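Peer 1: Required output: the full structure, derived from the provided sequences and hints.
In numbering that gives the first Met the number 0, the protein residues as written are 0 to 453.
Incorrect hints may have been included.
[What the hints assert, rightly or not] No more than 30 angstroms apart at the CA atoms, straight line, and that leaves these computed lysine-lysine pairs for DSSO-like:
1. Lys311 with Lys447
2. Lys447 with Lys399
3. Lys390 with Lys351
4. Lys351 with Lys363
5. Lys351 with Lys408
6. Lys137 with Lys311
7. Lys351 with Lys369
8. Lys314 with Lys135
9. Lys314 with Lys390
10. Lys314 with Lys137
11. Lys437 with Lys45
12. Lys379 with Lys351
13. Lys390 with Lys447
14. Lys311 with Lys268
15. Lys311 with Lys363
16. Lys437 with Lys314
17. Lys399 with Lys379
18. Lys62 with Lys363
19. Lys399 with Lys363
20. Lys437 with Lys363
21. Lys390 with Lys363
22. Lys390 with Lys379
23. Lys314 with Lys136
24. Lys379 with Lys268
25. Lys137 with Lys351
[Stated by the list, open to error] Pairwise CB distance ranges (calculated):
26. Ala416 with His441: 18 to 28 angstroms
27. Tyr371 with Thr60: 42 to 52 angstroms
28. Tyr371 with Ala419: 18 to 28 angstroms
29. Glu448 with Arg43: 14 to 24 angstroms
30. Pro108 with Asp389: 44 to 54 angstroms
31. Glu412 with Thr249: 28 to 38 angstroms
32. Gly259 with Glu448: 31 to 41 angstroms
33. Asn55 with Glu412: 48 to 58 angstroms
34. Glu132 with Pro84: 35 to 45 angstroms
35. Thr60 with Gly259: 50 to 60 angstroms
36. Lys351 with Ala199: 29 to 39 angstroms
37. Glu132 with Ser81: 12 to 22 angstroms
38. Glu50 with Asp156: 23 to 33 angstroms
Worth flagging that the hints you see were computed from the coordinates, not collected in a lab.
Quick caveat: nothing in here was measured; it's all calculated off a predicted structure.
Just so it is clear, CB atoms sit at the ideal spot from N, CA and C, and this is done for glycine as well.
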Amino acid sequence: MTKQTVAGRSVTVLGAARSGAAVARLLQRNGASVFVSDSGSGERLKPYLSELESLNIEYETEKHTPRALEAELLVISPGIPSSVPVVQEAQSRGLRVVSELEVASWFCPAPIIAVTGTNGKTTTTALIGRMLEDQKKKHIVAGNIGIAFSSLVDRLDRDSIAVLEVSSFQLDHIETFRPHVSVILNITPDHLDRYDRDFARYAASKSRVFENQTEDDFLIFNSNDAETQNQVRGRSNMRPRLLPFGTGETFDEGAFTDNGELITILRGKRAAVVPANEISIPGIHNLYNSMAATLAGRIAGVSVPSLRATLKNFKGVEHRLEFVRELDGVRYVNDSKATNVDSVWYALQSFKEPIVLLLGGRDKGNDYSKLYGLVDRRVKAIVAIGESADKVVAAFSSRKQVLRAGSMKEAVESARAQAAPGDVVLLSPACASFDWFKDYEHRGVVFKEIVNAL
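Peer 2: Following this line, the structure appears as structure tokens:
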């Protein structure tokens with residue numbers, strides 16, 4: 000099914016929230032007969048259900064009934080696992096199952112820059128968007144960053160660029176999705192609950208971002224990340240043009256550092272873009288993000304002087320090592336987006352000051368041993384929060400003082416009591432947020448509100 004053949008077809012959309020409602024609108028606007036099914040209910044869905052009603056799109060909530068499978072196509076929102084019974088039943092019947100990302104791409108006339116990876120996706124996607132904005136290039140920024148691709152795709156033409164943050168969940172059910180530029184930042188264990196604790200399956204999902212690319216396309220990838228290297232270099236049939244980035248080595252084409260400068264080489268042209276210590280967002284992980292974004296920007300035609308200015312002025316995105324305030328000589332930093340161990344590792348690497356770390360939430364099978372070295376050197380105390388508090392205590396109590404907190408307010412107050420002038424209080428949970436909060440944004444907002452009320 001494509002843009003040209005969707006008219007008159009029956010389509011069920013699973014999930015009635017942001018992505019589901021957006022793709023339902025898009026499909027209806029292009030002549031499909033759409034039905035929306037969501038197993039949830041409540042306040043979260045109300046605004047989306049009101050919109051569906053205004054468009055005369057039929058829907059059901061609280062459960063998926065047999066009607067959900069009375070369609071020629073099933074479109075699933077990113078929040079719905081492939082393992083749910085309705086998806087399993089659809090696949091057993093031979094019903095075509097695709098993601099919202101796949102459907103939106105059918106209607107996209109513009110080249111796509113697709114950014115994936117376990118960590119850094121949102122920052123890199125936003126940075127590429129800012130580079131295009133500063134060069135005054137027509138573009139959209141959408142996808143897993145919080146705005147459904149389906150809701151913005153109609154704004155595009157052949158002279159635009161679509162910059163998309165894409166998750167493994169969105170890539171699980173693509174068929175023809177083909178970015179002109181794909182970016183893989185890193186692949187480390189996360190969301191393994193969605194992949195039966197099978198890291199190989201998760202890594203393969205991430206790598207689908209380049210499966211439909213051709214010799215006319217580009218794959219930007221992290222040469223310093225072992226699994227990314229394995230996925231890219233371990234294939235004999237790679238078609239896109241490979242652009243590695245990393246530190247400690249140079250490339251014939253790609254991005255690297257040389258004498259403290261971020262260097263890119265593209266189409267034989269070498270450019271010294273910016274001194275690495277002048278990039279405004281801190282940390283080695285953000286150097287990697289900046290390298291990837293700079294390569295994407297150069298492919299998109301952004302000038303080196305413009306790239307340099309953007310890299311010097313970009314302030315990052317909310318909930319990613321976001322400075323909240325300084326109080327009594329203590330800096331408070333919101334890194335609520337750090338929902339896995341690797342994100343916390345990079346966060347700890349970003350500070351030279353002693354850290355009081357707020358850690359915990361809904362565990363995703365975390366192995367905290369990777370953090371031991373950094374915790375030993377940089378963390379003075381840990382405040383364990385959320386459902387995984389017991390696991391955090393068990394992992395770290397022999398190494399550091401670990402305090403328990405029964406709420407975010409209690410956690411912030413405990414951290415404040417432990418911190419001295421010159422320290423950093425860092426919320427970097429390594430866990431999902433759904434035990435106490437709606438999502439990681441809600442967790443970060445609550446943290447900031449409490450800190451600003453001190």
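Peer 1: Does each hint hold? Answer for all of them.
Peer 2: Hint check:
{"no.": "1", "hint": "Lys311 with Lys447", "in the structure": "26 angstroms, holds"}
{"no.": "2", "hint": "Lys447 with Lys399", "in the structure": "25 angstroms, holds"}
{"no.": "3", "hint": "Lys390 with Lys351", "in the structure": "26 angstroms, holds"}
{"no.": "4", "hint": "Lys351 with Lys363", "in the structure": "28 angstroms, holds"}
{"no.": "5", "hint": "Lys351 with Lys408", "in the structure": "26 angstroms, holds"}
{"no.": "6", "hint": "Lys137 with Lys311", "in the structure": "22 angstroms, holds"}
{"no.": "7", "hint": "Lys351 with Lys369", "in the structure": "18 angstroms, holds"}
{"no.": "8", "hint": "Lys314 with Lys135", "in the structure": "19 angstroms, holds"}
{"no.": "9", "hint": "Lys314 with Lys390", "in the structure": "34 angstroms, violated"}
{"no.": "10", "hint": "Lys314 with Lys137", "in the structure": "21 angstroms, holds"}
{"no.": "11", "hint": "Lys437 with Lys45", "in the structure": "15 angstroms, holds"}
{"no.": "12", "hint": "Lys379 with Lys351", "in the structure": "12 angstroms, holds"}
{"no.": "13", "hint": "Lys390 with Lys447", "in the structure": "25 angstroms, holds"}
{"no.": "14", "hint": "Lys311 with Lys268", "in the structure": "22 angstroms, holds"}
{"no.": "15", "hint": "Lys311 with Lys363", "in the structure": "35 angstroms, violated"}
{"no.": "16", "hint": "Lys437 with Lys314", "in the structure": "26 angstroms, holds"}
{"no.": "17", "hint": "Lys399 with Lys379", "in the structure": "7 angstroms, holds"}
{"no.": "18", "hint": "Lys62 with Lys363", "in the structure": "26 angstroms, holds"}
{"no.": "19", "hint": "Lys399 with Lys363", "in the structure": "23 angstroms, holds"}
{"no.": "20", "hint": "Lys437 with Lys363", "in the structure": "16 angstroms, holds"}
{"no.": "21", "hint": "Lys390 with Lys363", "in the structure": "11 angstroms, holds"}
{"no.": "22", "hint": "Lys390 with Lys379", "in the structure": "19 angstroms, holds"}
{"no.": "23", "hint": "Lys314 with Lys136", "in the structure": "20 angstroms, holds"}
{"no.": "24", "hint": "Lys379 with Lys268", "in the structure": "47 angstroms, violated"}
{"no.": "25", "hint": "Lys137 with Lys351", "in the structure": "40 angstroms, violated"}
{"no.": "26", "hint": "Ala416 with His441: 18 to 28 angstroms", "in the structure": "25 angstroms, holds"}
{"no.": "27", "hint": "Tyr371 with Thr60: 42 to 52 angstroms", "in the structure": "46 angstroms, holds"}
{"no.": "28", "hint": "Tyr371 with Ala419: 18 to 28 angstroms", "in the structure": "23 angstroms, holds"}
{"no.": "29", "hint": "Glu448 with Arg43: 14 to 24 angstroms", "in the structure": "20 angstroms, holds"}
{"no.": "30", "hint": "Pro108 with Asp389: 44 to 54 angstroms", "in the structure": "52 angstroms, holds"}
{"no.": "31", "hint": "Glu412 with Thr249: 28 to 38 angstroms", "in the structure": "49 angstroms, violated"}
{"no.": "32", "hint": "Gly259 with Glu448: 31 to 41 angstroms", "in the structure": "39 angstroms, holds"}
{"no.": "33", "hint": "Asn55 with Glu412: 48 to 58 angstroms", "in the structure": "51 angstroms, holds"}
{"no.": "34", "hint": "Glu132 with Pro84: 35 to 45 angstroms", "in the structure": "44 angstroms, holds"}
{"no.": "35", "hint": "Thr60 with Gly259: 50 to 60 angstroms", "in the structure": "56 angstroms, holds"}
{"no.": "36", "hint": "Lys351 with Ala199: 29 to 39 angstroms", "in the structure": "37 angstroms, holds"}
{"no.": "37", "hint": "Glu132 with Ser81: 12 to 22 angstroms", "in the structure": "35 angstroms, violated"}
{"no.": "38", "hint": "Glu50 with Asp156: 23 to 33 angstroms", "in the structure": "26 angstroms, holds"}
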